[in-house]
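Colleague: Let the sequences and hints guide you as you build the complete structure.
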Amino acid sequence: MDRNLALELVRVTETAALACGRYMGRGDKIAADQAAVDGMRQTFATIKIRGEVVIGEGELDEAPMLYIGEKIGMYNVDDPEVDIAVDPLEGTNLIAKGLPNAIAVMAMGPKGTLLHAPDTYMKKIAVGPKAKGCIDIKDTVENNLMRVAKACKKNIRDLTMIIQDRERHEDIIKEARRLGCRIKLFSDGDVSAAIATCFEDTGIDIFMGTGGAPEGVLAAAAIKCLGGDMQGMISPIYEEGFARCEELGWTEEKRKTVLSLDNLVSSDEVFFAATGVSDGEFLQGVRYLEDNRATTQSVVMRGSTGTIRFVDAQHKLDKNEILIDVLNKHK
28 MDRNLALELV
38 RVTETAALAC
48 GRYMGRGDKI
58 AADQAAVDGM
68 RQTFATIKIR
78 GEVVIGEGEL
88 DEAPMLYIGE
98 KIGMYNVDDP
108 EVDIAVDPLE
118 GTNLIAKGLP
128 NAIAVMAMGP
138 KGTLLHAPDT
148 YMKKIAVGPK
158 AKGCIDIKDT
168 VENNLMRVAK
178 ACKKNIRDLT
188 MIIQDRERHE
198 DIIKEARRLG
208 CRIKLFSDGD
218 VSAAIATCFE
228 DTGIDIFMGT
238 GGAPEGVLAA
248 AAIKCLGGDM
258 QGMISPIYEE
268 GFARCEELGW
278 TEEKRKTVLS
288 LDNLVSSDEV
298 FFAATGVSDG
308 EFLQGVRYLE
318 DNRATTQSVV
328 MRGSTGTIRF
338 VDAQHKLDKN
348 EILIDVLNKH
358 K
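Heads up, the sequence shown is in my numbering, so the first residue is 28 and it goes up one at a time.
If you're looking for bench data, these hints aren't it; they were derived computationally from the structure. Wrong hints could be hidden among the right ones.
[To be verified] Listed next, the in silico DMTMM-like pairs over lysine to aspartate or glutamate satisfying Cα-Cα at most 20 Å (straight line):
(1) Lys-165 x Glu-202
(2) Lys-124 x Asp-306
(3) Lys-177 x Asp-105
(4) Lys-283 x Glu-266
(5) Lys-98 x Glu-79
(6) Lys-181 x Glu-202
(7) Lys-165 x Glu-279
(8) Lys-211 x Asp-185
(9) Lys-75 x Asp-106
Modeller: Set out below in structure tokens:
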């Protein structure tokens, strides 16, 4: 796919972030999510692709959606056919409460290359490039931590695991503490948490836990570009999740399959883009300035070349027609 698409995709996440950033701390996650969706959808309409959303916003939380199966892009006959995975606002609770690590995020790959994950839960494990090939999602917490520590040339007491602060993770946390592993808990936003394993300056070595399956595919796209490693298993928790799996063909037997990084994202021709909405582990949030200006910080990655670009941008909010329209809807 055309390398110029990378910067086009940054425009998508920038617009989503600018549209929803004004809702930070205002306690209205639905309005914030809708603003991000509106910004992302309108910007996609200007990009020369024939895209189909294969990972959209989850139906289980009744969020406003870029829905699965939605056709997006300009759809000219010569435009590439692509799969699109989106989370216009990953961390809706975070932005509503004014907390860190909310991002606007998307991934894109050639048609048929992004896993069509059901909108339920996924058991996940992820590491950065130093520990690639050392993880086994079916093995014990102890064995995984020991192998990752060895690969990172660290004592296990210097290893840092990031895991979501949920009751379902109590056994993992208890075992990691027994071994002396450092633990960083987070409340929401497991795309950012998984990706953090691939940036050395975050200090995160391994991500473990059960979170959203769609978010797992988004994280996998970035981790593939960054040279890390990830595994997943579809693991519904609630009754509606089991029903959704059966509806989409994820039988009990199929859910026993370990999904490797290549299962989650099967092509190196993958793009990933994210823009910070609130300050986070590796991206600064939106800053609104005088004279109707704002700044954003984004990252865009291309799997085929391994190129990672951080993009600091300044925007004139009254000069961008899409932003004018979206921001007028969300005053």
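Colleague: So, for every hint listed, does it hold in this structure?
Modeller: Verification of the supplied hints:
1. Lys-165 x Glu-202: holds, 15 Å
2. Lys-124 x Asp-306: Status holds; Cα separation ~13 Å.
3. Lys-177 x Asp-105: Violated, at about 49 Å.
4. Lys-283 x Glu-266: holds, 18 Å
5. Lys-98 x Glu-79: holds, 5 Å
6. Lys-181 x Glu-202: OK: Lys-181 and Glu-202 at ~18 Å, within 20 Å.
7. Lys-165 x Glu-279: It holds: about 16 Å lies between the C-alpha atoms, which stays within 20 Å.
8. Lys-211 x Asp-185: holds, 12 Å
9. Lys-75 x Asp-106: holds, 6 Å
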